[in-house]
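Asker: Kindly generate the complete structure, drawing on both the sequences and the hints.
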Amino acid sequence: MYVVMFGGGEVAYYLSKEFIEGGHEVLIIESDPKKRERLEEALGDITLGGNGCRIQCLEQAGVSRADVFIAATDADEDNLAACQLAQIKYKVPRVLSKLNNPRNRNIFRKLGIENTIDVAALILENMKAQIPAFPLVRLSELEGEDLEVVQVRVTEDSGLGGHALGETRVAFLADASCLARPGETPRGADASTYLEEGDSLICVVAHDMLGRLTSELAGRSD
Amino acid sequence: MNAFIMGSGRVASELGTLLDLEGHKVTLLDFELSMFDKLPGKFQGRTMAGDATDEEFLRKAGLKNADAFIALTRDDDRNAMAAQIAKHIFGVPKVICRIYDPPREEFYKTLGLEAISPIMLFARLVKGRLED
Numbered sequence: 001m002y003v004v005m006f007g008g009g010e011v012a013y014y015l016s017k018e019f020i021e022g023g024h025e026v027l028i029i030e031s032d033p034k035k036r037e038r039l040e041e042a043l044g045d046i047t048l049g050g051n052g053c054r055i056q057c058l059e060q061a062g063v064s065r066a067d068v069f070i071a072a073t074d075a076d077e078d079n080l081a082a083c084q085l086a087q088i089k090y091k092v093p094r095v096l097s098k099l100n101n102p103r104n105r106n107i108f109r110k111l112g113i114e115n116t117i118d119v120a121a122l123i124l125e126n127m128k129a130q131i132p133a134f135p136l137v138r139l140s141e142l143e144g145e146d147l148e149v150v151q152v153r154v155t156e157d158s159g160l161g162g163h164a165l166g167e168t169r170v171a172f173l174a175d176a177s178c179l180a181r182p183g184e185t186p187r188g189a190d191a192s193t194y195l196e197e198g199d200s201l202i203c204v205v206a207h208d209m210l211g212r213l214t215s216e217l218a219g220r221s222d
Numbered sequence: 001m002n003a004f005i006m007g008s009g010r011v012a013s014e015l016g017t018l019l020d021l022e023g024h025k026v027t028l029l030d031f032e033l034s035m036f037d038k039l040p041g042k043f044q045g046r047t048m049a050g051d052a053t054d055e056e057f058l059r060k061a062g063l064k065n066a067d068a069f070i071a072l073t074r075d076d077d078r079n080a081m082a083a084q085i086a087k088h089i090f091g092v093p094k095v096i097c098r099i100y101d102p103p104r105e106e107f108y109k110t111l112g113l114e115a116i117s118p119i120m121l122f123a124r125l126v127k128g129r130l131e132d
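Just so you know, the protein sequences line up as chains A and B, in that order.
Position 209 of the first sequence, counting from 1, maps to 209 under the numbering used here, and the rest follow consecutively.
Position 19 of the second sequence, counting from 1, maps to 19 under the numbering used here, and the rest follow consecutively.
Mixed in with the good hints, there may be bad ones.
Unchecked claim - Cut-off 25 Å, straight-line C-alpha distance, at most; resulting in silico cross-link-like pairs (SDA-like, lysine to any residue):
#1 B:Lys109 x A:Ile55
#2 A:Lys110 x B:Ala68
#3 A:Lys91 x A:Asp118
#4 B:Lys64 x A:Ile55
These are computed hints drawn from the structure, not numbers from a lab.
Treat the numbers as computed from the prediction; the structure is a model and nothing was measured.
Answerer: Take a look at the structure:
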């Protein structure tokens with residue numbers, strides 16, 4: 001695969017390392033000479049000086065033969081411009097963008113950039129995952145499907161403990177596929193699965209049901 | 001006409017003042033209110049401080065009632081993003097954006113944006129004069 005990245009920060013560094021180790025070809029577009037020097041010291045001759053929103057620079061990078069284009073600068077307007085060029089003008093099959101402002105997710109989608117990575121939300125979910133008091137943790141998004149994989153924790157306040165899954169509102173809002181109980185092997189979950197405090201359910205939920213599921217688990221249901 | 005102009009430079013100030021003197025409702029948008037200090041004293045329109053590529057800010061500014069949105073900052077990427085938000089999220093009927101870089105003027109035109117490159121505009125103008 002040929003992977004072109006725009007923005008040579010930390011994300012680009014670690015991602016490039018993985019791609020290179022996997023035998024892929026990587027080019028990082030970065031205008032700051034200091035950042036380029038750091039990247040090249042560690043990873044070899046894989047950077048191009050310039051602005052990834054500029055057609056001239058993208059041509060030089062050979063973006064039209066790229067399999068993947070990743071925009072990871074700290075400015076969403078630059079990421080949007082570069083992704084639109086890569087996707088529409090150069091027909092790159094997979095285009096991803098880092099999102100700096102979570103509110104821009106919807107804008108990117110409406111403007112044709114479907115795959116965005118909301119850095120703030122990732123950090124938030126990771127932190128929530130470390131704190132058992134949060135009953136709902138978003139684990140991942142199923143691309144293009146408007147579905148999310150979430151972890152539902154059977155906490156004291158969730159009101160789920162002592163019930164069969166089929167009796168709870170979770171069963172109406174999400175599809176639970178797996179039950180994880182501390183000290184036991186994870187197993188498939190169905191309506192008769194009896195829930196205990198400390199259990200976790202791995203569920204698939206439609207994006208627009210997340211809000212309802214969240215308030216349900218917080219005991220704020222109507 | 002209810003016109004929103006993004007930017008506080010010379011072109012934005014001149015355009016805003018022209019429209020204002022013609023009796024249109026004009027709102028100028030830029031990051032800081034101090035950026036509007038150089039506006040001509042005769043400008044009577046509204047100025048607002050905020051990020052014009054932020055949907056919430058544009059909503060608060062009342063963009064959904066706009067007849068026109070004109071992006072005139074020095075930054076092509078911000079102009080293009082704000083113009084697309086105005087057009088596709090708020091459905092503003094007339095959207096114009098300045099794109100300095102000529103190849104990108106072409107690109108944004110293919111996306112349906114009314115993009116103007118001052119470089120190309122001037123080059124065409126001079127060429128036209130030469131041919132007169």
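Asker: Confirm or reject each hint.
Answerer: For each hint, the structure was consulted:
{"no.": "1", "hint": "B:Lys109 x A:Ile55", "verdict": "holds, 15 Å"}
{"no.": "2", "hint": "A:Lys110 x B:Ala68", "verdict": "holds, 20 Å"}
{"no.": "3", "hint": "A:Lys91 x A:Asp118", "verdict": "holds, 23 Å"}
{"no.": "4", "hint": "B:Lys64 x A:Ile55", "verdict": "violated, 32 Å"}
Checked against the numbered hints above, the structure violates only hint 4.
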